[in-house]
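Residues per chain, in single letters:
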Amino acid sequence: MTEHRLRTPLSMEDVKRLRAGDVVFISGHIYTARDKAHALMRARGSPVPLEGAVLYHCGPLIRGDEVLSAGPTTSGRMARYTEEILRLGVRAIMGKGGLPGEPFLGRAVYLAYPGGCGAAAAQQLRLRSVRLQELGMAEALWEFEAENLGPMIVAVDSHGGDLYRDVRRSVQNRLAL
Amino acid sequence: MREEVVEATVRALRKAETSLPDWVMKQIEAAAERETNPVARLHLQFMLENARLAEAEGLPLCQDTGLLIFRVEQGRDLRLDFDLGEALAEGVRRATRDIPLRPNAVEPSTRRNSGDNTGPGIPDIIRETVEGDGLRLTVFPKGAGSENMSLVGMLNPADDPIDFIVRTVAERAANACPPLFLGIGLGGTFDLAARLAKRALFSLPGTSETELMLLKRINALGIGPMGLGGETTALGVRIESAFCHTASLPVALNFQCWAHRSATEVIR
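Chains A and B supply the protein sequences, listed in that same order.
Counting from 1, position 174 in the first sequence corresponds to residue 174 in my numbering; the numbering is continuous, with no gaps.
Counting from 1, position 158 in the second sequence corresponds to residue 335 in my numbering; the numbering is continuous, with no gaps.
Simulated from the structure, these hints should not be mistaken for laboratory data.
Quick list of simulated restraints, FRET-style, between CB atoms:
(1) B:Gly311 <-> A:Glu134: 41 to 49 Å
(2) B:Ser385 <-> A:Ser27: 48 to 56 Å
(3) B:Ala424 <-> A:Arg174: 30 to 38 Å
(4) A:Arg42 <-> B:Glu308: 51 to 59 Å
(5) B:Met178 <-> A:Gly45: 52 to 60 Å
Bear in mind that the values here come from a model prediction, so they are computed numbers and not experimental data.
Even for Gly, the Cβ is constructed at its ideal location relative to N, Cα and C.
Chain B extracted, bound-state conformation:
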C-alpha cells in the first residue's frame, strides 16, 4: 500500500500544481465579469488565461510551487504498516523530479536547500481521523508571497476581531497576490489560532453571515488584484474557531493567493 500512497501523492501534486479547482476558476471568472477597473480586469483575465495554459501544457501555473501541506483523513479502521509521513515525503521527492517542482525547502539558519522539497517538518502533514477504513490525501501547495503576510494577533477581549481582520488585510493584502482567499482562526491559543487559520483554507469558501460580511468589507477596500486597485480584493473568507481563555482573544489570518491550489486522492 505504501507504493499506492507514493503514487497517489505524485498524482495529487501534478494536478494541484498544473490546474486550479473548478470552483476557484468560476470565482475568478465571475470577478472578471463584475470588475469595471481596467487594470483589475486585465489581471483577472490574464490569471484565467495562465491557469488554462498551465493545465493544457501540464506546467506549474506558478513558479512558486510552494511548500507542501497535506491534509490526511485516515479511517479509524485502517491500519498502516508503514510510515505515512515517509511515504508522502517520497511522493514529494518524486514529484519534485518528475513534474518538476522548484526546490523551495531550505534549512532556516544556513538557508541550505535540500533540493527535493523535503526536510525536518516538511512536508507539513495535518492528520485527522474519520469513520471507515479509507485514506484521503489532499495536497495544498502554499506559496511564500501569501504565507509571508500571515500573522497571529493576541487581541484584548475588548477589541473587535472583525475590525482587526479588515485592518490587517488593508495593510498586507497587496503583497499576498490578491484577489485573496483568507483563512481565519478565531480563538484557541497562540498556536491553535494559526492552525485553525490554516485549516480554514481547507474548507473554503465560507458562506456564513459573518464570512460573507467580511468578504464584502474586504472588497470595499479597493485594493484590487495585485494591489493595483479594483473591487476584487478577496474571493473567499473562511473562519474556524475554538474556545479561548477568558482573558484572551487570539485571531490568526492565513493569507492565500488567488491561485488556491489543491487536489485530492482517495485510497481504498
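Chain A on its own, in the form it takes in the complex:
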C-alpha cells in the first residue's frame, strides 16, 4: 500500500496524488464537525476558514484541555451537507462508514480513520481551541493540532475511485450467487 504523509492546509496537488486504497497520515490543523455544527454552518456559515482544510467527523471526549478519546463518527449522517462543505474549500473529509463519492470528483478525498479507535487517535491530537461550545462536547467544533494522525485509508479519491462503492458492488454480486 502506498503511504503518504501530508500537512494541512492541503493543496490540490496533495489531493490529486491520493488514490483509493492508499494509506495517509496527516499533520497540522484539523477541525471536527458533526450533526449540529453542520446544521449551524448551513445557517450561518463557517466560524473558521476552510480553504484547504481537513474536516473530521468526530465528537471527541475532552477533559479540560486534554483530548482523551477522539475516533471517527458515522459520516453518513452528514451526507446531506457534503456539497456545500466541499464548496467552502475543504479538501479532505475524515470519518468512518463513507459518503457518496460523486461530490469528491476533481476536488477532494474522503479518508477513513479506523472506527472505534478513539484512544489511539487522541494520542495523535492536541487541543488548540473550540468554537460552538454551546452545542456541547460531542457537537462542538474543535480545532486540533494533529501529529501523524492515522493510519487512514483513502476510501474515496478525487479521480472517481471509491472503495465503499466497490465493496457494495461485490457484496451485491455475492448475494446474487
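With the hints as your guide, set chain B onto chain A.
Showing chain B alone in chain A's frame:
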C-alpha cells in the same frame, strides 16, 4: 448496600470503557491472523493496538462511551431497601465525572443533553431474578453507530428469516463499525423481538449450528472491517427466540460494533 452498588457500578463502567473482554480480543487477534486483505489487516491490527493502549492508559477506547445498558441478575432471596435504578444512575453520574465519559444522553425532541448520561429511561436496566441472594451487575455501553443500524422486521411466516438477516447485514453493516457482533431476536412480538435481540448480545458468541452457519454466510459477503472489504465482517452471532403468533414472524437485528464492551461486578 446502596453505596456498594454505586461503587460497583463505577468500577464496572471503568473496566468496560477502557478494556475489551479477553474473548473479544482473542476473536479480533484470530481474525487479524486469518485476513489476507491488507486494508482489513491494517484495521484489525490497529483495533487491537487501540484496545491495548486504552487499557494501559485507562482511557475510553472509543469516544462514543455509549448509552448505558445494565443487566441486573438479582437473587430471589435478596431484599433491597433502596431504589436499585436510582443507585445505578448515581453510579453512572459518578463514572461520567470520574472516568470521564462523554455525555451522550439527550431529550429526544429538544435534543437537550442532561450532561450526566442519565435521564428518563436511561440507563436502561434489564432485570432478571435468579437463585440465591446475590446481585450481579453487568454493564454494556452501547454506541450509536451500531445501534442506529438495528431494526425489527415483521416478516411473513412464509419468508426465510435467515435470508432476511443476511440481506439486512449486507445493506447495513458498513456503518455499524464491523467486524460486528450480531444479536438476533427471533419470534415473540414487535417489542419482544427487539428485547430478545438486545439480550442475545449478553450471551455471545453463539455456537449453535444455525448461529455458526449465519456467521459463515455473513463473512462470505466480503464487507470487511469498517466496510472497506475483507473476509472479516462478523465475529459472533447469537440468536434468542420466543414463540410468536401463528400469523407473525418478527425478526430483530441488534448490531454491535467490534468493540463489544462489557464488565461484571458481583455484590454479596
